[in-house]
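Undergrad: Chain by chain, the residues:
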Amino acid sequence: MAKAVTLKELSKKEVLLAPGHRLCAGCGAPIVVKMVLLASDYPVVASNSTGCLEVSSCISDYTAWKIPWIHNAFENAAATLSGVETMYRALKKQGKIDKEIKFIAFGGDGGTYDIGLQSLSGAMERGHNMLYICYDNGAYMNTGIQRSSATPFGADTTTRPAGSVVPGKTEQRKNLTKIMAAHNIPYAAQASPSHWADLVRKVKKALEIPGPKFMNILAPCNRGWRSRTDDAILLSRLAVETCYWPLYEIENGVTKITFKPKEKKPVTDFIKAQGRFKHLFKPENEGIIKIFQDEIDREWEKLKKEEACFAS
Amino acid sequence: MAKIVAITGNEAVANALRQVNPDVCAAYPITPQTDMMQRFSSFVSDGEVKTELILVESEHSSMSACVGASAAGGRVITATSSQGLALMFEILYIASGTRLPIVMPVVNRALSAPLNIHGDHSDSMGVRDAGWIQLWSENAQEAYDNTIQAFRIAEHMDIRLPIMINLDGFIISHSIERIEYLEDEEVESFVGEFRQLNPLLDIAHPVSYGPLILPDYYMEFRRAQAEVSTKVAQVVLDIAEEYEKISGRRYELFESYRLDDAEIALVILSSAAGTSKDVVDAFREKGIKAGLLKPRLYRPFPYTEIGEALKHLKAVCVLDRADAFGCSFGPVYLDIATSLYPYKEKPVLINKIYGLGGRDYLPEHAELVLNELVELAGSGKVKSYKEYIGVRE
Ligand SMILES: Cc1ncc(C[n+]2csc(CCOP(=O)(O)OP(=O)(O)O)c2C)c(N)n1
Ligand code: SF4
Numbered sequence: 014m015a016k017a018v019t020l021k022e023l024s025k026k027e028v029l030l031a032p033g034h035r036l037c038a039g040c041g042a043p044i045v046v047k048m049v050l051l052a053s054d055y056p057v058v059a060s061n062s063t064g065c066l067e068v069s070s071c072i073s074d075y076t077a078w079k080i081p082w083i084h085n086a087f088e089n090a091a092a093t094l095s096g097v098e099t100m101y102r103a104l105k106k107q108g109k110i111d112k113e114i115k116f117i118a119f120g121g122d123g124g125t126y127d128i129g130l131q132s133l134s135g136a137m138e139r140g141h142n143m144l145y146i147c148y149d150n151g152a153y154m155n156t157g158i159q160r161s162s163a164t165p166f167g168a169d170t171t172t173r174p175a176g177s178v179v180p181g182k183t184e185q186r187k188n189l190t191k192i193m194a195a196h197n198i199p200y201a202a203q204a205s206p207s208h209w210a211d212l213v214r215k216v217k218k219a220l221e222i223p224g225p226k227f228m229n230i231l232a233p234c235n236r237g238w239r240s241r242t243d244d245a246i247l248l249s250r251l252a253v254e255t256c257y258w259p260l261y262e263i264e265n266g267v268t269k270i271t272f273k274p275k276e277k278k279p280v281t282d283f284i285k286a287q288g289r290f291k292h293l294f295k296p297e298n299e300g301i302i303k304i305f306q307d308e309i310d311r312e313w314e315k316l317k318k319e320e321a322c323f324a325s
Numbered sequence: 004m005a006k007i008v009a010i011t012g013n014e015a016v017a018n019a020l021r022q023v024n025p026d027v028c029a030a031y032p033i034t035p036q037t038d039m040m041q042r043f044s045s046f047v048s049d050g051e052v053k054t055e056l057i058l059v060e061s062e063h064s065s066m067s068a069c070v071g072a073s074a075a076g077g078r079v080i081t082a083t084s085s086q087g088l089a090l091m092f093e094i095l096y097i098a099s100g101t102r103l104p105i106v107m108p109v110v111n112r113a114l115s116a117p118l119n120i121h122g123d124h125s126d127s128m129g130v131r132d133a134g135w136i137q138l139w140s141e142n143a144q145e146a147y148d149n150t151i152q153a154f155r156i157a158e159h160m161d162i163r164l165p166i167m168i169n170l171d172g173f174i175i176s177h178s179i180e181r182i183e184y185l186e187d188e189e190v191e192s193f194v195g196e197f198r199q200l201n202p203l204l205d206i207a208h209p210v211s212y213g214p215l216i217l218p219d220y221y222m223e224f225r226r227a228q229a230e231v232s233t234k235v236a237q238v239v240l241d242i243a244e245e246y247e248k249i250s251g252r253r254y255e256l257f258e259s260y261r262l263d264d265a266e267i268a269l270v271i272l273s274s275a276a277g278t279s280k281d282v283v284d285a286f287r288e289k290g291i292k293a294g295l296l297k298p299r300l301y302r303p304f305p306y307t308e309i310g311e312a313l314k315h316l317k318a319v320c321v322l323d324r325a326d327a328f329g330c331s332f333g334p335v336y337l338d339i340a341t342s343l344y345p346y347k348e349k350p351v352l353i354n355k356i357y358g359l360g361g362r363d364y365l366p367e368h369a370e371l372v373l374n375e376l377v378e379l380a381g382s383g384k385v386k387s388y389k390e391y392i393g394v395r396e
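Sequence order for the protein chains is A and B. For reference, each letter of the first sequence is one residue, going 14 to 325 in this note's numbering. For reference, each letter of the second sequence is one residue, going 4 to 396 in this note's numbering.
Check before you lean on any hint, since a few could be wrong.
Stated by the list, open to error - Derived contacts from chain A toward chain B, CB cut-off under 7 Å, selection only:
no. : residue
1   : Thr76
2   : Asn89
3   : Gly96
4   : Lys112
5   : Phe272
Everything labelled a hint here was simulated from the structure, so no lab data went into it. Even glycine gets a Cβ: it sits at the ideal position worked out from N, Cα and C.
Turn these sequences into a full structure, and let the hints steer you where they fit.
TA: The following block contains the structure:
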């Protein structure tokens with residue numbers, strides 16, 4: 014099973030997303046993809062939903078993907094890969110392919126939480142042997158920072174701009190990781206590029222498990238988060254340390270938190286470096302930060318209780 | 004050696020699919036197609052095919068999975084009708100733009116609203132310009148024969164395009180007819196081994212499918228796609244010729260029925276053509292030079308060939324089993340009008356909309372239309388270019 018990896022080992026492996034892609038400088042998405050592909054000891058075939066990662070990594074004659082890769086449409090990375098994976102099984106059964114190949118879908122939060130949820134749910138329910146990875150940057154970034162159901166409470170987006178009456182996003186995030194776990198798939202997890210060893214271990218583990226797996230990985234977007242270009246890792250670390258983005262896995266229904274901050278930081282530590290929350294620091298919006306914090310606390314407590322349920 | 008059976012259209016097509024034995028099939032139920040994929044699924048359950056089924060959660064995913072499976076490198080099928088085809092719309096363009104030889108029987112049915120499960124051509128006509136090849140069938144035999152030929156056409160190395168085989172909902176899909184099956188081995192050797200082209204599963208030669216193409220290249224891609232369409236007709240004819248050798252049944256781009264010396268003619272697709280041919284015969288017996296043209300390859304439309312076949316007539320009525328809103332004409336009418344446009348001397352051309360939502364098309368209707376054409380051929384005076392027939396006003 015998955016053993017701990019060292020940076021030294023990883024550094025010797027080929028990076029399968031080539032430099033020269035056109036994602037913004039400092040974007041979290043390619044970092045996530047590189048880590049995921051480095052984690053695999055198998056050849057991987059990937060599908061990608063429409064979004065920043067896709068439009069920037071394969072334009073005209075150029076592709077940044079050193080692995081077989083397919084983009085179909087926005088909402089169907091899972092359905093597309095279920096076709097690829099099924100053909101693989103068909104050809105393997107017929108003796109036309111003998112290699113062990115792994116299948117990974119990459120989708121943004123918009124393409125996963127929202128428009129692609131049906132196709133993802135369908136693929137998971139059918140039990141395709143694939144790992145679906147959502148790189149969650151919390152909005153439709155590619156079309157210009159519109160709110161998605163993964164957008165954090167209170168955030169300013171172009172379709173829910175913070176104005177004099179509406180203080181940014183008025184709803185809490187959809188808990189997709191839990192929704193996926195509720196499909197009773199053998200493995201669902203959350204990871205963050207700040208905690209690379211945890212991320213790599215989870216991907217390795219997921220790839221060893223037959224059947225459908227889901228991972229939700231935080232992928233900071235400096236354009237949408239209105240943050241400094243080189244803060245992706247810092248912000249994803251703060252997301253974990255404030256428990257905004259808890260690291261955990263649910264394996265065969267058993268919840269395990271894989272990182273517990275020694276001291277849980279206040280959500281303000283995570284949001285103050287991001288322009289999309291600037292308005293929350295106005296005196297009249299104090300209540301919103303409190304609601305935000307309360308929700309994080311509640312979810313964190315719930316998660317700990319869930320974990321405790323299974324502790325022997 | 005042919006085997007003669009009494010069978011529904013759905014069963015005939017399902018059997019053709021069994022004989023072809025594809026690698027992957029995605030399925031989602033919708034009337035009147037449901038029963039076709041059910042039958043095919045039971046072939047899978049009984050181990051009669053090697054096919055892996057994907058029982059998807061929607062037609063959108065069905066076509067998406069077909070795109071993935073086809074790009075992966077293998078023979079892929081699905082089938083649908085009506086709303087299912089409409090839900091696939093987005094991915095139909097991706098399948099053709101990516102040049103994937105997916106084969107899809109479409110059991111034609113009306114579109115909502117109002118909800119109606121019965122046969123008309125609105126569904127396939129709605130996606131006629133999505134870059135798919137479309138073959139239309141008059142009866143179960145043609146649906147069966149077209150299905151087998153479809154694989155060869157779609158997978159031809161000059162083409163590699165997805166293909167729809169159209170058959171009328173209920174009228175063909177659910178009625179029992181006499182049909183001749185080929186032997187399994189005959190079909191197997193006719194379709195041959197699937198030939199791969201840049202398969203995604205070739206790990207040693209990684210390819211990227213579905214790139215973003217900016218304005219600097221997009222038009223060239225589309226132009227190339229249009230270029231491919233120009234090769235389809237010849238491939239369809241070549242494959243029909245080969246098919247005739249094993250089946251004895253002759254297929255062309257369209258059927259010309261008593262057309263050569265005709266003065267008036269109907270143009271009509273699929274099952275209603277059968278009914279109309281009887282009426283054409285009756286008119287011939289009365290000494291009236293009537294004929295009929297039934298398109299088979301509807302997309303890409305063989306404009307030149309059809310124009311040539313019709314240009315000598317005095318009056319022609321195109322019967323459409325799909326309407327076009329916005330005060331337009333039926334889709335087949337528009338194509339026929341286009342095919343005749345280059346000729347100085349051409350027939351008077353009128354359009355009738357019939358049979359929507361499963362409304363019966365009766366011999367009396369063909370008779371009425373032919374009588375009108377007789378009058379038109381004499382006077383050349385058109386009362387109305389577009390009318391609905393068999394409708395209560
Ligand atoms: C059916 C459909 N609706 C809308 C779009 C427009 N669109 C393309 S990418 C995108 C947003 C992608 O957001 P997300 O999945 O979060 O990925 P990100 O851009 O953040 O990487 C949208 C709305 C589309 N391509 N297809
Ligand atoms: S907009 Fe955001 S998600 Fe998109 S490429 Fe730029 S940084 Fe990455």
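Undergrad: Next, verify each hint and record whether it holds.
TA: Status of the hints after comparison with the structure:
A hinted interface residue such as A/Thr76 counts as satisfied when its beta carbon comes closer than 7 Å to some beta carbon of chain B; here the least separation is about 4 Å, so the hint holds. Look at A/Asn89: its Cβ gets to within about 4 Å of chain B, closer than 7 Å, so that hint holds up. A least Cβ separation of about 3 Å between A/Gly96 and chain B falls short of the 7 Å threshold, and the interface hint therefore holds. A distance limit of 7 Å between C-beta atoms decides the matter here; for A/Lys112 the minimum to chain B is near 6 Å, and the interface restraint holds.
The beta carbon of A/Phe272 is not positioned within 7 Å of any beta carbon in chain B (closest approach about 34 Å), and the interface hint is therefore violated.
Taken one by one, the earlier hints fail for this structure only at number 5.
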